[in-house]
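Each protein sequence line maps, in turn, to chains L and W. Position one of the first sequence corresponds to residue 35 (this note's numbering), numbered consecutively onward. Position one of the second sequence corresponds to residue 6 (this note's numbering), numbered consecutively onward.
Treat each hint with caution, since some may be false.
[Stated by the list, open to error] Derived pair list, reagent style DSS-like, types lysine-lysine, alpha-carbon separation capped at 25 Å:
id: 1; chain 1: W; residue 1: K83; chain 2: L; residue 2: K76
id: 2; chain 1: L; residue 1: K103; chain 2: L; residue 2: K136
id: 3; chain 1: W; residue 1: K62; chain 2: W; residue 2: K83
id: 4; chain 1: W; residue 1: K16; chain 2: L; residue 2: K76
id: 5; chain 1: L; residue 1: K91; chain 2: L; residue 2: K103
id: 6; chain 1: W; residue 1: K62; chain 2: W; residue 2: K16
id: 7; chain 1: W; residue 1: K62; chain 2: L; residue 2: K136
id: 8; chain 1: L; residue 1: K113; chain 2: L; residue 2: K76
id: 9; chain 1: L; residue 1: K76; chain 2: L; residue 2: K103
[Stated by the list, open to error] With the Cβ distance kept under 7 Å, some of the chain W side facing chain L (calculated, not the full set):
id: 10; residue: Y15
id: 11; residue: A18
id: 12; residue: Q46
id: 13; residue: G47
id: 14; residue: P48
id: 15; residue: F50
id: 16; residue: Y53
id: 17; residue: L96
id: 18; residue: S111
id: 19; residue: G112
Because the hints were derived from the structure by calculation, they are not lab data. None of these values were measured; they are calculated from a predicted model. For glycine and all other residues, C-beta sits at the position ideal for the given N, C-alpha and C.
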Amino acid sequence: EDQVTQSPEALRLQEGESSSLNCSYTVSGLRGLFWYRQDPGKGPEFLFTLYSAGEEKEKERLKATLTKKESFLHITAPKPEDSATYLCAVVVNSGYALNFGKGTSLLVTP
Amino acid sequence: GAGVSQSPRYKVAKRGQDVALRCDPISGHVSLFWYQQALGQGPEFLTYFQNEAQLDKSGLPSDRFFAERPEGSVSTLKIQRTQQEDSAVYLCASSLGGAGGYTFGSGTRLTVV
Numbered sequence: 035e036d037q038v039t040q041s042p043e044a045l046r047l048q049e050g051e052s053s054s055l056n057c058s059y060t061v062s063g064l065r066g067l068f069w070y071r072q073d074p075g076k077g078p079e080f081l082f083t084l085y086s087a088g089e090e091k092e093k094e095r096l097k098a099t100l101t102k103k104e105s106f107l108h109i110t111a112p113k114p115e116d117s118a119t120y121l122c123a124v125v126v127n128s129g130y131a132l133n134f135g136k137g138t139s140l141l142v143t144p
Numbered sequence: 006g007a008g009v010s011q012s013p014r015y016k017v018a019k020r021g022q023d024v025a026l027r028c029d030p031i032s033g034h035v036s037l038f039w040y041q042q043a044l045g046q047g048p049e050f051l052t053y054f055q056n057e058a059q060l061d062k063s064g065l066p067s068d069r070f071f072a073e074r075p076e077g078s079v080s081t082l083k084i085q086r087t088q089q090e091d092s093a094v095y096l097c098a099s100s101l102g103g104a105g106g107y108t109f110g111s112g113t114r115l116t117v118v
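Using the sequences plus the hints, can you model the full thing?
As structure tokens, this is what we get:
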């Protein structure tokens, strides 16, 4: 069975304190791995798609990396406005729908 | 439109009532998905449309849930005889097709009392 596990469930950082969120996956074949950001009361907002091991993508203070078993979302020098829930999802080779993890709730304090 | 639009944003239903949730996808997007998100959880897949064809409804929790997309654009998720466990946020997403470019709406928060 395809599984997506995110850790930690919650993370509290001081402004400027860099850290990483983890997404480990067990799938029959990976078509794509997605990172989304979700703010309270809103739908998930697309951040990155990664397709193959070794791939990396960056956007402002965020950098996503992918191996054959897991993905990391690195947050460099976070700001309070980075506070949100970060969701990881996979699409398998034979599929089309996103299979989500439970998310990591990030709080960045000034 | 510029984004995926869902209505209503909030819905309170008495147990046993029927509800209809609407999704207006991005113009030209072939694929449309419905997800259910419980508090503190990730979204769970409900059903998938390609144009007007419902290709996968394996995630619908019971036969009280029904979805349609008759003209290949706007979609409606209907829940009959609502139960308390149906309380959740219902998210709609659309894409051009393939594995990528999924855009989500803001969701409908359904509360069954």
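> Taken at face value, is the distance from the CA of K83 (chain W) to the CA of K62 (chain W) at most 25 Å?
Replying inline: 13 Å, holds
>> What's the verdict on K16 (chain W) and K76 (chain L), does the C-alpha distance respect the 25 Å limit or exceed it?
In response: Given pair K16 (chain W), K76 (chain L) holds - Cα atoms ~15 Å apart, limit 25 Å.
>> Does P48 (chain W) hold up as a contact with chain L if the rule is Cβ-Cβ below 7 Å?
In response: 5 Å, holds
> Can the hint on G112 (chain W) be confirmed by a CB-to-CB distance to chain L that is less than 7 Å?
Replying inline: 5 Å, holds
> Does A18 (chain W) pass the interface check with chain L, least Cβ-Cβ distance below 7 Å?
Replying inline: 19 Å, violated
> Is the shortest C-beta separation between Q46 (chain W) and chain L less than 7 Å?
Replying inline: 6 Å, holds
> Does Y53 (chain W) meet its interface restraint, that is, does its C-beta lie within less than 7 Å of any C-beta in chain L?
Replying inline: 6 Å, holds
>> Restraint: F50 (chain W) near chain L, CB-CB cut 7 Å. Satisfied or not?
In response: Holds. Min distance 5 Å.
> With a cut-off of 7 Å, does the beta carbon of Y15 (chain W) approach a beta carbon of chain L closely enough for the hint to hold?
Replying inline: This hint is violated: Y15 (chain W) lies away from chain L, its Cβ roughly 10 Å from the closest one there, beyond 7 Å.
> Can G47 (chain W) be said to touch chain L, with a Cβ gap under 7 Å?
Replying inline: Holds: closest Cβ of chain L sits about 3 Å from G47 (chain W), inside 7 Å.
>> Hinted pair, alpha-carbon criterion (25 Å max): K83 (chain W), K76 (chain L). Please report holds or violated.
In response: 21 Å, holds
>> For the restraint on S111 (chain W), tell me whether the closest CB of chain L is nearer than 7 Å.
In response: 5 Å, holds
Checked against the numbered hints given earlier, this structure breaks hints 9, 10, 11; the rest are met.
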